[in-house]
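Trainee: Fit chain B to the supplied structure of chain A, relying on the hints for placement.
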Amino acid sequence: MTASQELFIAAIGASAGGVEALQELVKAMPDDSGLAIVILTHMPANHRSLLDSILSRFCTIPVVDIEDGARLAPNTIYVPPHGGILTIEQGKLRFREFDEQNRERNPIDIFFASLAEDQGDRAIGIILSGAGNDGTLGIKAIKQYGGLAIAQSSEAKAPRHPEMPQSAISVGVVDLVLPVNEIPAHLVDYVRSYHALKDLNEGDDERIETNRIREDHLSRARHEICSILRKQVGHDFSGYKTRTFMRRVQRRIQVLQLENIDGYLDHLRQNTSEVSLLFRDLMIGVTSFFRDRDAFDALQNHVIPLLFEKCGADDTIRLWVPGCATGEEVYSLAILMCEHMDRNKIAPRVQIFATDIDEAALNVARAGRYPASMLETVSDERIQRFFFKEGENYVINKDIRDVCIFSSHSVVRDPPFSRIDMISCRNLLIYLGAELQRQLIPVFHYALRPSGFLFLGASENVTQFSELFKVVERKNRIFQRRDDITASVHFPLTPGNVRATSPAQIRMQPALQGAQLKQAAEAKVMESFAPAHVVVNRDGDIIYYSNRTGKYLEPSAGSPTRHLLAMARKSLRLDLRSALHETMETRRQAVRVHIPLDVGDQIQFVSISIDPLGDSAGDPLFLIVFSDIGRPLSPEEAAAHGRLADRLTDHTVESLERELRDTRERLQSIIEEYDTALEELKSANEEMVSVNEELQSTNEELETSKEELQSVNEELHAVNLELLTKMEEVDLANNDLENLFKSTKIPTIFLDSSLRVRMFTPAASEIFKLIPSDKGRPLTDISCDLQYPTLADDISVALGKNLAIERRVASGNGSIHYLVCFMPYRTSSRTDGVIISFVDVTTIVEAEEHQKMLVAELNHRVRNMLGVVIALGQQTIARDCSPESLAAFFERLHALARTYNLVSDENWRAVSLRELAREELKPYVVNGRERFRLDGQEISLEPKSALAFGMVFHELATNATKYGAFAHDHGWIQLSWEVANINDGRRLVVKWSEHDGPEVTAPERSGFGSSMIEQQIRYGLNGDIEFTYDKKGFHARIETPMDF
Amino acid sequence: VLPESPQNLNGLRILIVEDDPMLAFVFKTFLEECGGEVIGPANSLQAAFALLEKRNFDCAVMDVRLNRETVFALAAQIQEIGIPFAFVTGNSIKTLPVEFRDKPILLKPVDFRQLLSVIAGLNTPVCQTASAELPAAHPL
Chain A
12 MTASQELFIA AIGASAGGVE ALQELVKAMP DDSGLAIVIL THMPANHRSL LDSILSRFCT
72 IPVVDIEDGA RLAPNTIYVP PHGGILTIEQ GKLRFREFDE QNRERNPIDI FFASLAEDQG
132 DRAIGIILSG AGNDGTLGIK AIKQYGGLAI AQSSEAKAPR HPEMPQSAIS VGVVDLVLPV
192 NEIPAHLVDY VRSYHALKDL NEGDDERIET NRIREDHLSR ARHEICSILR KQVGHDFSGY
252 KTRTFMRRVQ RRIQVLQLEN IDGYLDHLRQ NTSEVSLLFR DLMIGVTSFF RDRDAFDALQ
312 NHVIPLLFEK CGADDTIRLW VPGCATGEEV YSLAILMCEH MDRNKIAPRV QIFATDIDEA
372 ALNVARAGRY PASMLETVSD ERIQRFFFKE GENYVINKDI RDVCIFSSHS VVRDPPFSRI
432 DMISCRNLLI YLGAELQRQL IPVFHYALRP SGFLFLGASE NVTQFSELFK VVERKNRIFQ
492 RRDDITASVH FPLTPGNVRA TSPAQIRMQP ALQGAQLKQA AEAKVMESFA PAHVVVNRDG
552 DIIYYSNRTG KYLEPSAGSP TRHLLAMARK SLRLDLRSAL HETMETRRQA VRVHIPLDVG
612 DQIQFVSISI DPLGDSAGDP LFLIVFSDIG RPLSPEEAAA HGRLADRLTD HTVESLEREL
672 RDTRERLQSI IEEYDTALEE LKSANEEMVS VNEELQSTNE ELETSKEELQ SVNEELHAVN
732 LELLTKMEEV DLANNDLENL FKSTKIPTIF LDSSLRVRMF TPAASEIFKL IPSDKGRPLT
792 DISCDLQYPT LADDISVALG KNLAIERRVA SGNGSIHYLV CFMPYRTSSR TDGVIISFVD
852 VTTIVEAEEH QKMLVAELNH RVRNMLGVVI ALGQQTIARD CSPESLAAFF ERLHALARTY
912 NLVSDENWRA VSLRELAREE LKPYVVNGRE RFRLDGQEIS LEPKSALAFG MVFHELATNA
972 TKYGAFAHDH GWIQLSWEVA NINDGRRLVV KWSEHDGPEV TAPERSGFGS SMIEQQIRYG
1032 LNGDIEFTYD KKGFHARIET PMDF
Chain B
784 VLPESPQNLN GLRILIVEDD PMLAFVFKTF LEECGGEVIG PANSLQAAFA LLEKRNFDCA
844 VMDVRLNRET VFALAAQIQE IGIPFAFVTG NSIKTLPVEF RDKPILLKPV DFRQLLSVIA
904 GLNTPVCQTA SAELPAAHPL
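Line by line, the protein sequences are chains A and B. According to this note's numbering, the first sequence is numbered sequentially starting from 12. According to this note's numbering, the second sequence is numbered sequentially starting from 784.
So that you can see chain A by itself, here it is in the shape it has in the complex (with noise of 0.2 Å):
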């Protein structure tokens, strides 16, 4: 065996209510169940199912889309993708869409009856929550072809709508009912157990070959269940099959999740309820289509015939079939009727009644839809001509239909149906028990007309009313009514009666003791010394019989009879009929004496006395005394009696005419009354077809607009539920974005097509003074932090000419900025409303605004800067275009570009002073040696002060070159500076002294240079600048505030 042959296939049906069910179920399976899933639900097709993403919720089992042609795999879940038809062939998927006329009413039935045909015994059908009665004959195939069937229970947790489960445990083959939750470990267990139970019916197995003891175990555990059987329902199987009799008997094991046969055994032996479980399992499948084709072969030709023998077009012929269940047998018959119709041009009316205790099986079978996998014992010929294709169903067509009339009934309770021409009653007395059985019998034969016929089961029988019946076929169970015997039958049998009478439950037959043997005295001297006696009932008919009553009573002439008046002597009969008439009125004790009995050639007086025995209301008995009165008399002797003979004669004659008289009167009156009631039957009755024949179309149209609906509502429970699923996504994302609102710094707010306040964020309350009561008021009229007047006509225009706008408002005292949107709300047709949003842009503008400044800075900057490179060039080469003024005038302007370089790399902030004076002086490094010294503190210097200083080095250097301490190779100079107090501030002094250098000598004429410096110093930092040209070298001092 390979794995895709070993692998179970669990088929789950499930309709309104079934997504809570099955999320159950899916969360309570293991991963690793070894289960392949499919699931059916009741969609339309055009709607995507949800159901995947719904059940990956609750398991880690994958949940696949049915895909058609897909094979089965273990541990996974399949789910359609959306309404359509799935069969399965050789444990392959097919899945067709439905036809656009046909809508499958049944889907979980045409898979469940498609995976029973393909996978026998593998198969397992679950019925869950549903409405309906879907899945019912799907379970019923399941089981038939040995698979496990469960539904749903109705205890701990009910199903949402019960109908489903309930429809399937009626028709009595469901296996195991159980809450949802608990099913997926028993599903576990069964496919275990099985696998451990394999060899049980795997008779031509070579190990089994090889194995002869277990086969002896086997075959001897088969014969005990047998002789179980056989005790306690008194059904012998020893004729079955051997594999399909161990094939039930392994379901049972596994469902009982036994370990061995002999596990079984003990709890067969202790359980009565399960030979009852068992018997019950090794009968199904008795009501499919023309099953026992034998027996239907009988009906057809031997019984049918004589049914329309005598028929004209008039009559009516009348089938009875009582446990109707899910109608196949019914419809059977009623296809032989019609064929035989057809086969001989006559058309007598047939009605077929059809009853059950079960308004689900009833239902189903009013239906008349079956999948086609339970038609397989109906001839192509058969099925062409009675059934109509529906999708994968084929349904009973109406002329069959409408023989057939299905009620619910109980044979039991309810009192029976009357002249009816066959009784047709397969393997219900089967469930009955024996003492059931004893009182249905008769009211079948009270129901037949005379000569009707009665159709039982194969494992059924009526020998023991042999004298009720007598058989027509033995073999297949046919028997006709006897017609000399009136069965007395008192109906409605009494409830208390009923009951599932197990076979257990055979009263023992008790030992005489005490009471008992005391009575068993009586009795014997009771046979010996009293007088002879009867007991009749109240018909008359003796139902007991003391020792020696042949004196008194013969047996008359024709068919035996017990009627009392029947069997008397003639000469008693007169006394004892006015004797037992008096009694039965009066209740009260009758005596006639002295009455004359021929005895061979003598004369016995005797006297009779009449009582009423017991006090049973309901069957009266009543005990009639014999007893002779002196010796028998020789016939002149009692004539010495004659004269009070006649005069008794005289009074008898008297007392019997006007018994006579008031009889006849009394049956005049009483066959009037006959008449009258007779015609007011036959009015009613014909009312009552006429009335029955409307209902019955009636029925037939609500039944089916009753489908139609119900199919309907199964796909809105199913959309219904996809929708709430959908809310709660909505919900969700409501949630999500009402978070959003609160979380988000944005203020936004929603206005209708009216300018009212649909929503608004709570960031919008610091612009607008808006509470949340302010929702459907026109915004116009809440007062805003904003110096917007045209706020109104904005948001007109957004609306109206559905454009988006953007404005830059300021609030109220200016402080924040903000960007304000207004977006048309579009639905998909049209402008609905505006949302309007404010983005607080205060940092941008602060921003744009800094920029602005740092542009004028710029500028500003640039423009002075080309102003002193223009002055800078007037003043040194303007009038003096030598090579050297060039020269300086370039050597300044590099000066500038070190100072600004400095000052730009320390982005316009403070400069370094030493670092401002070694660039300056960097040019006179000469082969590596400073001709400078720096001495002072670190200090920083603001831009404007470095530029200056940069100038004032560069000039003070350029002059030291000429004419100072540079000229010469020796000279050298010191920079240095300090801060000091000088009067009341804080002043900057820096000292410029050259050493080494030629001799100084004044200037005649300060030069453009030294203007220069000293402009910078004095206008520029407000400072002092003083030269010295001592003789051994140049000073320059100044002085600067520090603080500018």
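Since the hints were derived computationally from the structure, they do not count as laboratory data. Watch out, some of these pointers could steer you wrong.
As the list claims (entries may be wrong) - Once the Cα atoms are required to be at most 30 Å apart in a straight line, the calculated DSSO-like pairs of lysine-lysine come out as:
| hint | chain 1 | residue 1 | chain 2 | residue 2 |
| --- | --- | --- | --- | --- |
| 1 | B | Lys886 | A | Lys863 |
| 2 | A | Lys737 | A | Lys753 |
| 3 | A | Lys321 | A | Lys693 |
| 4 | B | Lys886 | B | Lys837 |
| 5 | A | Lys973 | A | Lys1002 |
| 6 | A | Lys242 | A | Lys481 |
| 7 | A | Lys863 | B | Lys877 |
| 8 | A | Lys955 | B | Lys877 |
| 9 | A | Lys1002 | A | Lys955 |
Mentor: Just chain B now, kept in the frame of chain A:
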């Protein structure tokens, strides 16, 4: 290149308000060479107000920006007194308050010929607005 024959400003007293020492120095040097007398230059608003007290000038040339201040408060006072003045600015005319939009403006870097003609215009009432109509002269 300077104007070929420097105009004789005939000792005209000109208040210079300019925070950049180099420019102030150049203006001063140039205007004195042209025969004018420079009052100041003032390098801050405070210094300029101090000079205004004395009222010893005939006209004023003022840089709009002085360090971190603008010169408009000063200009308003000078206007009130009735002394003619001109602005020097690195920015466009748009940065001026509306009430000073009709005043002559010299764009930095300043063309000296234009400086002279503006100063001349300031002291010739007929030509007061002429300077504004001068074609924008390029700096040197």
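Trainee: Mind listing which of the numbered hints don't hold for this structure, in increasing order?
Mentor: none
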